[in-house]
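S.K.: Residue strings, one per chain:
Number of protein chains: 2
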Amino acid sequence: MKPAKILVAQGGGPTAVINQSLVGVVLEARRQARVEAVYGAWHGMRGILNEDFVDLGQETSHNLELVAGTPSSALGSTRDKPDAAYCRQIFQVLQAHGISHFFNIGGNDSSDSVRIVSEEAVAANYPLRCIHIPKTIDNDLVENDHTPGFPSAARFVAQAFAGANLDNAALPGVYLGVVMGRHAGFLTAAAALGKKFPDDGPHLIYLPERVFELERFLADVKLMYERHGRCVIAVSEGIHDAAGEPILAQLAPQLERDAHGNVQLSGTGALADLLCEQIKSRLKIKRVRGDTFGYLQRSFIGCVSDVDQREAREVGEKAVQFAFHGHRDGSVAIKRVGNYSVDYELLPLAAVAGKTRVMEDAFIAASGTDVTDAFRLYLRPLLGSGMPDAFRLRPNPVAKILHPAGV
Amino acid sequence: MKPAKILVAQGGGPTAVINQSLVGVVLEARRQARVEAVYGAWHGMRGILNEDFVDLGQETSHNLELVAGTPSSALGSTRDKPDAAYCRQIFQVLQAHGISHFFNIGGNDSSDSVRIVSEEAVAANYPLRCIHIPKTIDNDLVENDHTPGFPSAARFVAQAFAGANLDNAALPGVYLGVVMGRHAGFLTAAAALGKKFPDDGPHLIYLPERVFELERFLADVKLMYERHGRCVIAVSEGIHDAAGEPILAQLAPQLERDAHGNVQLSGTGALADLLCEQIKSRLKIKRVRGDTFGYLQRSFIGCVSDVDQREAREVGEKAVQFAFHGHRDGSVAIKRVGNYSVDYELLPLAAVAGKTRVMEDAFIAASGTDVTDAFRLYLRPLLGSGMPDAFRLRPNPVAKILHPAGV
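In the order they appear, the protein sequences are chains A and B.
If you read the first sequence in the UniProt record's numbering, its first letter stands for residue 1, the second for the next number, and so on.
If you read the second sequence in the UniProt record's numbering, its first letter stands for residue 1, the second for the next number, and so on.
I should point out that these hints are in silico values taken from the structure, not numbers from a laboratory.
Note that the structure is predicted; figures quoted are calculated from it, not measured.
Treat the hints with caution; some may be incorrect.
One copy or two, it doesn't matter: identical chains are merged, so the pair holds either way.
Cross-link-like lysine to any residue pairs, in silico, SDA-like; alpha carbons within 25 Å at most [unchecked claim]:
| # | residue 1 | residue 2 |
| --- | --- | --- |
| 1 | K222 | R210 |
| 2 | K5 | K400 |
| 3 | K196 | G302 |
| 4 | K400 | P198 |
| 5 | K280 | Y126 |
| 6 | K286 | Q95 |
| 7 | K5 | Q321 |
| 8 | K5 | I401 |
| 9 | K196 | S61 |
| 10 | K400 | P3 |
| 11 | K400 | P127 |
| 12 | K2 | L27 |
| 13 | K400 | P246 |
| 14 | K196 | H325 |
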């Protein structure tokens with residue numbers, strides 16, 4: 001049996017459970033008789049370029065379990081997007097170290113990187129098994145029921161809105177929370193799972209799957225504020241006008257772009273502030289508060305879905321099993337089986353790489369500012385066990401003496 | 001024995017455990033043989049003015065326990081600050097309902113409201129026992145070791161920075177998180193408890209107890225960025241210049257003020273955005289991200305200190321015991337006994353009301369941008385059990401082949 005040398009890397013934005021996938025790869029690889037080395041690349045593709053490897057065969061299984069439970073990418077990450085020249089340099093390094101299996105944990109940009117490396121390996125006649133392992137809080141990988149990392153971030157968003165709704169009920173006004181998600185509204189839509197009673201917020205949800213019109217937004221807020229005496233709003237950072245131009249881009253003069261050409265939407269409170277200012281000035285509502293969930297929603301330690309943890313571990317483990325029992329490169333995908341269980345498939349890289357899933361129409365209410373029950377049923381099992389719950393005092397009014405009814 | 005009628009209210013910003021104190025009052029009051037009614041006022045002092053009461057004698061103990069575990073003020077809150085005329089109206093309502101004991105759960109503004117009501121009651125020869133029950137995430141009540149609500153908010157901030165540090169280590173750059181706290185830096189300082197390894201962030205902490213100078217700030221960031229290749233910064237929303245002018249106020253033209261004359265600092269991402277812009281433009285650092293923790297830090301459901309929960313329950317219970325076994329109005333205060341346990345005292349209202357505690361010098365490092373071990377020892381027991389922990393892969397480098405050392 002030909003000896004195997006494994007290399008694993010992590011790419012893109014960290015998640016609460018990306019290290020579960022890393023440890024799933026490492027422990028399953030160390031279990032294979034053929035495997036003589038398991039390396040990790042520091043900071044993703046860039047670490048391969050720089051030959052910056054850690055020997056994960058010298059790590060204890062105890063510490064691997066502790067790292068698995070730690071959020072964010074333990075190997076570090078990168079936003080590098082390799083082109084053909086970049087890949088040729090990578091092959092030189094992989095060849096020098098005799099790497100036979102490459103696992104990359106990441107989102108759709110990372111899956112595209114794996115696709116390029118895989119194709120370059122074939123073109124260069126270099127024997128390299130390339131497997132992409134899914135991860136993204138945006139839940140925007142096609143062909144997957146959902147992606148590891150999304151359930152834990154969704155849980156954070158749901159809990160955040162459950163709490164913000166209680167806060168807003170105590171001190172009424174308008175509360176607006178901006179949630180990550182460039183093209184896909186899944187994470188913003190998760191705010192709906194923070195709602196328990198019929199009059200609870202979020203009362204309005206704005207997704208990038210629908211065109212955002214400021215005048216309609218203001219009319220929606222006015223209506224909800226009149227109905228409830230308060231209003232809680234979830235807004236995706238990716239909301240855009242009919243031409244596809246981000247609402248934020250219309251505001252900020254110079255926008256940062258990453259190596260993939262994406263405008264930098266996170267890391268600024270500008271969108272929340274702009275929308276709050278509009279509500280204050282146009283609707284004459286005094287107490288208007290905006291929060292931008294920013295990096296908290298993907299990096300907060302201690303808010304994690306146990307279902308997400310288990311599945312993230314499994315996709316790593318399955319990736320190794322597909323690599324050693326299968327005969328082609330691919331991307332591991334999560335398929336839902338029953339209510340609720342999952343199974344895993346290995347899809348061709350081209351079926352997933354570089355494509356973006358957005359929310360299905362069946363998940364978005366006709367109003368365009370709420371989700372459907374189908375979405376609630378889709379998301380709830382992913383959030384896992386032990387979700388905190390909110391309770392209210394029952395009315396039991398005391399009869400007025402000085403101000404009887406009608407006086 | 002004279003029959004007693006209890007009224008309880010909640011004031012100021014909600015916390016994760018303010019309902020524990022409410023339920024502590026209600027259950028202990030219902031246990032007293034003399035008590036014939038336990039009322040709650042909806043939305044604090046304003047609810048009294050409007051005679052808007054709920055009969056908490058008709059609430060089940062089971063639901064009270066569920067409400068106790070729910071964050072934010074179950075009775076609703078208010079920012080009203082009563083003057084003498086406001087208080088006279090309140091007396092008319094209390095007298096009409098035969099209220100004998102008034103409990104108000106809140107921070108230093110709320111304690112001042114209790115003081116005014118208490119003094120007006122004496123002046124009006126109205127027999128009313130007034131007890132203030134402490135609550136504030138700012139931890140700025142004098143004469144208290146700490147205040148209920150602060151430990152849970154501090155836990156959120158510590159967990160947020162622990163996660164933000166991991167995220168920043170994976171994708172290096174500058175991360176800046178703005179934390180609540182107008183005059184007192186306790187909550188911002190809690191960021192230090194998110195640090196585990198010597199090179200972990202937060203690398204810099206800016207507190208309202210020290211004068212903020214932009215040039216020094218930029219020099220600090222530059223130094224840390226050069227040292228660690230990244231930098232995580234905790235900034236209090238209340239940072240100000242040598243004249244005491246908030247840094248935010250220098251930025252925003254028109255600032256909202258509440259009934260107490262306080263400038264509105266929260267609910268906007270402007271301070272983080274301003275400071276990030278300075279770092280980008282002056283230090284030429286490309287990846288700079290700012291988050292404003294906003295309302296998440298006080299209302300997030302599911303991040304709570306069990307120590308905080310127990311103490312918040314106890315201050316409510318003790319308030320009733322002081323009212324029925326003591327002979328004067330007052331404010332319940334937490335005193336630390338041993339390491340770690342607490343006891344409770346009833347202080348004169350004037351000793352606490354309207355005063356603001358700030359961080360002791362012994363808690364702030366000489367650099368002015370870190371806390372001392374004394375602060376770490378002070379805060380750690382308050383955060384409670386089950387704090388999530390972060391772990392790293394150990395180095396174990398793989399020898400380079402193509403790029404050996406020095407080449």
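S.K.: With reference to the structure, classify each hint as holding or not holding.
M.R.: Hints versus structure:
1. K222 x R210: within (20 Å within a copy, 42 Å between copies)
2. K5 x K400: between (79 Å within a copy, 15 Å between copies)
3. K196 x G302: both (23 Å within a copy, 15 Å between copies)
4. K400 x P198: neither (27 Å within a copy, 61 Å between copies)
5. K280 x Y126: neither (62 Å within a copy, 43 Å between copies)
6. K286 x Q95: For K286 and Q95, neither the intra-copy (64 Å) nor the inter-copy (34 Å) Cα distance is at most 25 Å.
7. K5 x Q321: within (15 Å within a copy, 70 Å between copies)
8. K5 x I401: Between copies only: 15 Å across, 82 Å inside.
9. K196 x S61: For K196 and S61, only the inter-copy Cα distance (21 Å) is at most 25 Å; the intra-copy one is 41 Å.
10. K400 x P3: between (84 Å within a copy, 20 Å between copies)
11. K400 x P127: between (83 Å within a copy, 21 Å between copies)
12. K2 x L27: within (20 Å within a copy, 72 Å between copies)
13. K400 x P246: Neither: 52 Å inside a chain and 45 Å across chains, both beyond 25 Å.
14. K196 x H325: Answer is neither: 46 Å inside a copy and 41 Å across each miss the 25 Å cutoff.
Hint check: violations occur at hints 4, 5, 6, 13 and 14; the rest are consistent with the structure.
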